[in-house]
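J.: Protein chains in written order, with my numbering: chain A, 708 to 819; chain B, 77 to 190.
Watch out, some of these pointers could steer you wrong.
To be verified - Mimicking DSS-like on lysine-lysine, the simulated pairs with C-alpha atoms at most 25 Å apart in a straight line are:
1) 807/A - 153/B
2) 807/A - 177/B
3) 144/B - 128/B
4) 153/B - 136/B
5) 177/B - 128/B
6) 807/A - 716/A
7) 125/B - 807/A
8) 128/B - 153/B
9) 132/B - 177/B
10) 177/B - 125/B
11) 153/B - 125/B
12) 153/B - 132/B
13) 144/B - 177/B
14) 125/B - 144/B
15) 128/B - 807/A
16) 144/B - 132/B
17) 807/A - 144/B
18) 807/A - 132/B
19) 125/B - 136/B
20) 807/A - 136/B
Read the hints as simulated data drawn from the structure, not as lab findings.
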Amino acid sequence: NAGVTQTPKFQVLKTGQSMTLQCAQDMNHEYMSWYRQDPGMGLRLIHYSVGAGITDQGEVPNGYNVSRSTTEDFPLRLLSAAPSQTSVYFCASSRGTNEKLFFGSGTQLSVL
Amino acid sequence: GDSVTQMEGPVTLSEEAFLTINCTYTATGYPSLFWYVQYPGEGLQLLLKATKADDKGSNKGFEATYRKETTSFHLEKGSVQVSDSAVYFCALRGANFGNEKLTFGTGTRLTIIP
Chain A
708 NAGVTQTPKF QVLKTGQSMT LQCAQDMNHE YMSWYRQDPG MGLRLIHYSV GAGITDQGEV
768 PNGYNVSRST TEDFPLRLLS AAPSQTSVYF CASSRGTNEK LFFGSGTQLS VL
Chain B
77 GDSVTQMEGP VTLSEEAFLT INCTYTATGY PSLFWYVQYP GEGLQLLLKA TKADDKGSNK
137 GFEATYRKET TSFHLEKGSV QVSDSAVYFC ALRGANFGNE KLTFGTGTRL TIIP
């Protein structure tokens, strides 16, 4: 079972570059979300989606865009990367907002 | 708003020692409480949960009891193993409709030495 698949695993960007972190799940989950993990701060919610065509902001949405055109995919876009966006990013999904979350293995992003 | 406070790490224990990782929370109503574990190089996995006061969640020898009176959900294990080395996150999900998002603590890194 693939579960939640994130790509790439590692990425280095220069300030001002743009890129998309990919997230796909094969469990037919309605709820998908993106978190960033920073030392001493735990996980913070960036954006989430409760179904195809529906997205909403989390705790730290600035500098990130998302879209949900299909149930399976939930890409996270960095429009103009900044050093403050250096972090580990996790995608997660669940059947519903009150259900168990399944996490991907993460993307380690460095912005120079 | 909702918040979760975990004990500072890192925590280093010898194999077969008793483990406690403290977690307290602030939230309105009766949130659901969770412990997630992150093994090296992997994403988080749900370890255990409790959805109402006095519930005890348990899994893989770990236990945590939902204490409403002390707003706590401390994680315990009677005899830890090297394979328990990981980062442990306490989390809560708000009780109010429209506030179902998870709020995580900062994580506690646990290292077990043989």
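J.: Checked against the structure, which of the hints given earlier come out wrong?
T.: Hint check: nothing fails, all pass.
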